[in-house]
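There are 2 protein chains.
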Amino acid sequence: MSDLVVVATVMQTPDRETLEVLHDAAVVVRDGAITAVLGPADPGRAEALAAATEVVAIEPPAVLVPGLVDVHLHASQWPQLGSALDIPLEEWLFQHTFPLEARFADVDFAVGVWESLVSGLLSEGTTTAVMFATVHEEATVELARVCGDLGLRADVGRVAMDLPDGTPEWYRDASPSASVEASHRSIQAIEALGGGRSLVRPIITPRFVPSCTDAALTGLGELAEATGVSIQTHCSESDWAHGYVLDRFGLSDARVLDRFGLLREHTVVAHGVQLGTDDLDLLRERGAGIAHCPLSNAYFADSALPVREALDRGVGIGLGSDVAGGFDASMLRQCATAVTSSRMLESGVDPAVAPTSRGRADARIDTTAAFWMATLGGAELLGLPVGLLEPGRRFDAVVLDPTSPGSSITEWPDLDDDARRFERFVRLAGRADVARVWVDGRAVVGDHATLQSR
Amino acid sequence: MSDLVVVATVMQTPDRETLEVLHDAAVVVRDGAITAVLGPADPGRAEALAAATEVVAIEPPAVLVPGLVDVHLHASQWPQLGSALDIPLEEWLFQHTFPLEARFADVDFAVGVWESLVSGLLSEGTTTAVMFATVHEEATVELARVCGDLGLRADVGRVAMDLPDGTPEWYRDASPSASVEASHRSIQAIEALGGGRSLVRPIITPRFVPSCTDAALTGLGELAEATGVSIQTHCSESDWAHGYVLDRFGLSDARVLDRFGLLREHTVVAHGVQLGTDDLDLLRERGAGIAHCPLSNAYFADSALPVREALDRGVGIGLGSDVAGGFDASMLRQCATAVTSSRMLESGVDPAVAPTSRGRADARIDTTAAFWMATLGGAELLGLPVGLLEPGRRFDAVVLDPTSPGSSITEWPDLDDDARRFERFVRLAGRADVARVWVDGRAVVGDHATLQSR
Numbered sequence: 001m002s003d004l005v006v007v008a009t010v011m012q013t014p015d016r017e018t019l020e021v022l023h024d025a026a027v028v029v030r031d032g033a034i035t036a037v038l039g040p041a042d043p044g045r046a047e048a049l050a051a052a053t054e055v056v057a058i059e060p061p062a063v064l065v066p067g068l069v070d071v072h073l074h075a076s077q078w079p080q081l082g083s084a085l086d087i088p089l090e091e092w093l094f095q096h097t098f099p100l101e102a103r104f105a106d107v108d109f110a111v112g113v114w115e116s117l118v119s120g121l122l123s124e125g126t127t128t129a130v131m132f133a134t135v136h137e138e139a140t141v142e143l144a145r146v147c148g149d150l151g152l153r154a155d156v157g158r159v160a161m162d163l164p165d166g167t168p169e170w171y172r173d174a175s176p177s178a179s180v181e182a183s184h185r186s187i188q189a190i191e192a193l194g195g196g197r198s199l200v201r202p203i204i205t206p207r208f209v210p211s212c213t214d215a216a217l218t219g220l221g222e223l224a225e226a227t228g229v230s231i232q233t234h235c236s237e238s239d240w241a242h243g244y245v246l247d248r249f250g251l252s253d254a255r256v257l258d259r260f261g262l263l264r265e266h267t268v269v270a271h272g273v274q275l276g277t278d279d280l281d282l283l284r285e286r287g288a289g290i291a292h293c294p295l296s297n298a299y300f301a302d303s304a305l306p307v308r309e310a311l312d313r314g315v316g317i318g319l320g321s322d323v324a325g326g327f328d329a330s331m332l333r334q335c336a337t338a339v340t341s342s343r344m345l346e347s348g349v350d351p352a353v354a355p356t357s358r359g360r361a362d363a364r365i366d367t368t369a370a371f372w373m374a375t376l377g378g379a380e381l382l383g384l385p386v387g388l389l390e391p392g393r394r395f396d397a398v399v400l401d402p403t404s405p406g407s408s409i410t411e412w413p414d415l416d417d418d419a420r421r422f423e424r425f426v427r428l429a430g431r432a433d434v435a436r437v438w439v440d441g442r443a444v445v446g447d448h449a450t451l452q453s454r
Numbered sequence: 001m002s003d004l005v006v007v008a009t010v011m012q013t014p015d016r017e018t019l020e021v022l023h024d025a026a027v028v029v030r031d032g033a034i035t036a037v038l039g040p041a042d043p044g045r046a047e048a049l050a051a052a053t054e055v056v057a058i059e060p061p062a063v064l065v066p067g068l069v070d071v072h073l074h075a076s077q078w079p080q081l082g083s084a085l086d087i088p089l090e091e092w093l094f095q096h097t098f099p100l101e102a103r104f105a106d107v108d109f110a111v112g113v114w115e116s117l118v119s120g121l122l123s124e125g126t127t128t129a130v131m132f133a134t135v136h137e138e139a140t141v142e143l144a145r146v147c148g149d150l151g152l153r154a155d156v157g158r159v160a161m162d163l164p165d166g167t168p169e170w171y172r173d174a175s176p177s178a179s180v181e182a183s184h185r186s187i188q189a190i191e192a193l194g195g196g197r198s199l200v201r202p203i204i205t206p207r208f209v210p211s212c213t214d215a216a217l218t219g220l221g222e223l224a225e226a227t228g229v230s231i232q233t234h235c236s237e238s239d240w241a242h243g244y245v246l247d248r249f250g251l252s253d254a255r256v257l258d259r260f261g262l263l264r265e266h267t268v269v270a271h272g273v274q275l276g277t278d279d280l281d282l283l284r285e286r287g288a289g290i291a292h293c294p295l296s297n298a299y300f301a302d303s304a305l306p307v308r309e310a311l312d313r314g315v316g317i318g319l320g321s322d323v324a325g326g327f328d329a330s331m332l333r334q335c336a337t338a339v340t341s342s343r344m345l346e347s348g349v350d351p352a353v354a355p356t357s358r359g360r361a362d363a364r365i366d367t368t369a370a371f372w373m374a375t376l377g378g379a380e381l382l383g384l385p386v387g388l389l390e391p392g393r394r395f396d397a398v399v400l401d402p403t404s405p406g407s408s409i410t411e412w413p414d415l416d417d418d419a420r421r422f423e424r425f426v427r428l429a430g431r432a433d434v435a436r437v438w439v440d441g442r443a444v445v446g447d448h449a450t451l452q453s454r
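Those protein sequence lines, which keep their order, are chains Y and Z.
Each step along the first sequence adds one to the number in the working numbering, with nothing skipped, and position 203 is 203.
Each step along the second sequence adds one to the number in the working numbering, with nothing skipped, and position 205 is 205.
None of these hints come from the bench; they were simulated from the model.
Remember, it's a predicted structure, so these values are computed and weren't measured experimentally.
Accuracy of the hints is not assured; some may be wrong.
[As the list claims (entries may be wrong)] Cβ-Cβ distance ranges computed for the label pairs, FRET-style:
no., chain 1, residue 1, chain 2, residue 2, range
1, Y, 313, Z, 354, 37 to 45 angstroms
2, Z, 88, Y, 352, 20 to 28 angstroms
3, Z, 59, Y, 447, 25 to 33 angstroms
4, Z, 354, Y, 250, 18 to 26 angstroms
5, Y, 352, Z, 392, 35 to 43 angstroms
6, Y, 250, Z, 287, 27 to 35 angstroms
7, Y, 276, Z, 281, 41 to 49 angstroms
8, Z, 57, Y, 51, 50 to 58 angstroms
9, Z, 107, Y, 53, 47 to 55 angstroms
10, Y, 415, Z, 88, 15 to 23 angstroms
11, Y, 352, Z, 18, 28 to 36 angstroms
12, Z, 24, Y, 228, 41 to 49 angstroms
13, Y, 99, Z, 354, 29 to 37 angstroms
14, Z, 354, Y, 418, 18 to 26 angstroms
[Stated by the list, open to error] Now the stretches of chain Z that chain Y is said to cover, found in silico as 3 or more residues with beta-carbon under 8 angstroms:
no., segment
15, 84 to 97
16, 300 to 310
17, 410 to 416
Cβ atoms here follow ideal geometry from the backbone N, Cα and C, with glycine treated the same way.
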C-alpha cells in the first residue's frame, strides 16, 4: 500500500562528488515518506505500482530531482527582488530595505507578500526555505502559517535587532528584554500552529551581531538552550561586519556568536566570507554551518566565499538565495552562480595583477558539488530528512521538464550522456522547467496541485 | 500609411547612463523601418493608428524593448550549451568542441543545429547575432540561409584556421591560400543569397592569431580591404592567448591584428580581457570594438574585463553570449552577469587579500550600462541601424511580459517606479517572458509570427 508512486529518471547527488542517475526508477511514497526506490528489475516493483493510490509517470527527457533547499532568505525583501542593487549599501538598507521591512507591521500587507513569496518559491522548485521574517511577531507567525497552508517546508524566524547604532529608531526592538520575549512568543506561536503544519519550525534569528546588544545576544543564546530551537544569523559577511565585531569584542564574529551560546548544532550563519580557518573549525566542531550566497556576495560581501576550502574542512554548507540581496530566487541559478563565482575566485579577476598572484588555487567547485549543497548539503545542515530520494526520507521532489514552454534547454539525444544532461539542467533550468513539485508527499505545483503555479 | 503600429510602454537606453521610458508610445513601422514614435498627445497619432494595416497593443505590465544584439557566439557549439564546462580547457577544446565543430561537414547535421539555434536565439529575444560558423563553406552558407529564412539579423563567418600547431589535423584549413579562398567564396555565396535576405552579412573570421599562419592573416586582411566586409576574431582573451601572440610577434595581440590589416572599422574582437590601455586606444582609433563576454570570461579568460574602463576610454563595446564557452544564450542574463562580474572586479574576490588591494576601484557598471551594451552599444559597434526604437532605425523589438507562464518576475505596482521595473526586467526576465519578437518589422516570435516559438 502506498499513496503515490512516481516513475521517472532520478538525478541526485548522494555526496558532493557523485552524480547518481536512476533510469526508470519507481519512487514509492507513503504518508509523505519515501518507502522504496525500485529499479526496473527490482522485486516488488509491479506490486508497488499496482497497490498505489496514484501513479505519476514522468516521461524523459523530464527528470525528477530532490526538492531544492534554500538555507537563507529574507522573506520581507521579496518585493525588492531584482531591483535596487545598483545603489550603495547604506542607501539600499536605509532607503529601501528597512522601510520595506517596517511595512510588515501591517498584517494584510504582510500576508499578501507571504502568499506571493511562498507560491513563488515553490514554483521555482524550492521545497525548503530558511527565512528571516521581520521584527513583527504577528507578521512572522503569519508567514509560518502561510508556509504550512501552501506546503513549503520552512524555518521561520522573527528578526531580533535592538541595538540603536545601525538600526533606525522606527524599525528595531524596544529593548533587549523586549527582543528576547518577542522572539520567545513567536516560537511558541509557530509551534502552536501545530496540526498538519509540522512542516514549519521556528528559528531564533538575531539579525547579526552589529544590530544586537550584548544583553539580547545573551538572552537569545539562553532561549536556544532552553527551547532547543535552532538559530540563524549573519556572520563575517563583509569587511565592515567582520571588522565591526572584532572592534567591539576583540574576537572574531564566530567566536562572539559562540560565546553567547549561538553557535550550536544546525546554526546557520549566512555568508561567512571572512571566516578564518579557526572559525571554520569552530563551526564544524559545533555542528553549525554556512549559508553560501554566491550571488549576494558579489554585491555586498566584498569577496567570494572560498567554498571549496570550507567544504574540504568538513564544514556543513547549504546554498542560500539571500533574497533580496541576491536577486534571483531560483536555487538552480544559485548553483550555476556558485560554480561561476568559484571559477572567478580561482582565476582572480583583475588582469592587471600577475597570473601567479591573481587568484586562489584549487578554489573551483563543479555543478555536482553545487547541486549537492542546494539539496543534501542544506538538508544535513538543517537536520532535515530531505535532499535525496532514498527510503526513510520525506518526499520533497521536483520535476524538471525541458519540453515546457519557455524552457531554455535543448536536448541532443545523440550527443548527450547523463552527466552533460545533468550539468545542463543545473545551469539552464528555470521556473519554466519546473513542471511539478511535491513537498512532504503533497503535490504543490503542477497537475493535481493544491497550489496552482502561475 | 504604415504596415504596423505597436502601442506599448517602451524601455530603452539611448546612452549608457540613461534609461528612457515612454509610456503609451505608438511605434509606427513601414517597410521594416520605424517612421515615428508618437506619445499620447503627439499630433498625427490618431491618424497613424487609423491608417495602419496592423495595430498591436501591448498592455502593461508588459513592455517593449529594442531587440537584443549578441556580438559574439559560436553557432556550432549550440549543442554544447550549458554542458562540459567543469573540465579543463584543453579537454573542452579537443575532446568536445573541435570534434563537434568537425561534424558540420555533414550538411544535414548542420542544418538541424542551425534551425534549433536560430529559433532558440529569437525565442530568447536576440534579434542580431554575430556568429562564428565552422571551417566548412557549405555549412556556413547554410547558416546564413537559415538566419535569413527564420528572420534573424546576423553576421555569419566561416572560421579560418590553418596553423597546424594548436589545431587538430582533422579540423583545419589545408593551407593559407585554401583558408583565404574558402573565406572569399563563403563571402560571395552569402552575398549571393540576396533577395529578401539582406538581413544577413558575411564576416571575415580568423579564429584567433594562435590558430592562423602569417600568410593566412595577411590574406584575410587583404580580403577585408578588397571586399569591405568586416571582421570578427578573438583577441587577448586569456593569459595564454595574450602571451602566445607576444612571444610569436613581440607585439600585443591588438597590434598584430592591426599589422595584418584586421583592425578596421566595425571589427569585433571577442573578450579582450588582457588588452592594455594602448591597445584600447588603438581599437578606438580604428573604429574596432570589444565583444564583452562576462560569463564565458569567468571560465576561460583568467580575469574579468575592466569594462567600465574600456567604456570610459571610448571603445565601442557590445555584449556577447559566447555560446558555448558562455552557457546561457539569453542576452538579458548576460546583462545581469556583466553587472555582477563588474561588482566582483571592483571588490575583488579573495578574502585573504587586504581590502585596499583586493579589487579594482570604480570598476562597477549598472543595469542601464549593461542593457545599453546589449542593444545600442552592440548596434553601433556593428554599424547597424538598430538598438533603439527611434525614427530611421529598423524595427527590431521584443515584448517582455511578466505575466507569462514561467516568468520569475512579480510586479509590485504600489512599490515600483520605472527604474526598479527596468532593473527587474534586466535581471530576471528570461525566455519565458519573451512574448513577441520582431526583426526588421517582421513578427518572428509570438502571435502572427511565421516562426512559432517552442
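How the hints compare with the structure:
Taking the beta carbon of each, residue 313 of chain Y and residue 354 of chain Z are about 23 angstroms apart, not inside 37 to 45 angstroms as hinted. For the pair residue 88 of chain Z and residue 352 of chain Y, the beta carbons lie near 25 angstroms from each other, so the given range of 20 to 28 angstroms is met. Hint check: residue 59 of chain Z to residue 447 of chain Y, Cβ distance near 29 angstroms, so the stated range 25 to 33 angstroms holds. Judged by the Cβ atoms, the range 18 to 26 angstroms given for residue 354 of chain Z and residue 250 of chain Y holds: they are separated by roughly 20 angstroms.
In this structure the hint that residue 352 of chain Y and residue 392 of chain Z lie 35 to 43 angstroms apart at CB holds, the actual value being about 41 angstroms. Here the CB-CB span from residue 250 of chain Y to residue 287 of chain Z is close to 59 angstroms, at odds with the stated 27 to 35 angstroms. Checked against the hint of 41 to 49 angstroms, the pair residue 276 of chain Y and residue 281 of chain Z passes, with Cβ atoms roughly 43 angstroms apart. With their beta carbons about 55 angstroms apart, residue 57 of chain Z and residue 51 of chain Y fall inside the hinted range of 50 to 58 angstroms.
At about 53 angstroms, the beta-carbon gap between residue 107 of chain Z and residue 53 of chain Y stays in the expected band of 47 to 55 angstroms. For the hinted restraint 15 to 23 angstroms between residue 415 of chain Y and residue 88 of chain Z, the CB-CB distance of approximately 20 angstroms keeps it satisfied. One distance hint, 28 to 36 angstroms for the beta-carbon pair residue 352 of chain Y and residue 18 of chain Z, holds here, with the actual separation near 30 angstroms. Against the hinted window of 41 to 49 angstroms, the Cβ-Cβ separation of residue 24 of chain Z and residue 228 of chain Y comes to about 58 angstroms, which falls outside the hint.
One distance hint, 29 to 37 angstroms for the beta-carbon pair residue 99 of chain Y and residue 354 of chain Z, holds here, with the actual separation near 34 angstroms. Between residue 354 of chain Z and residue 418 of chain Y the beta carbon distance is about 44 angstroms. The supplied range of 18 to 26 angstroms is therefore violated. For a cut-off of 8 angstroms, the count of residues in the segment 84 to 97 of chain Z with a CB near a CB of chain Y stands at 3, and the three-residue condition holds. For the segment 300 to 310 of chain Z, the assignment as covered by chain Y holds, since 6 residues bring a beta-carbon within under 8 angstroms of that chain's beta-carbons and 3 suffice.
Remark: the segment 410 to 416 of chain Z is confirmed as covered by chain Y, as 4 of its residues place a Cβ nearer than 8 angstroms to a Cβ of that chain, reaching the required three.
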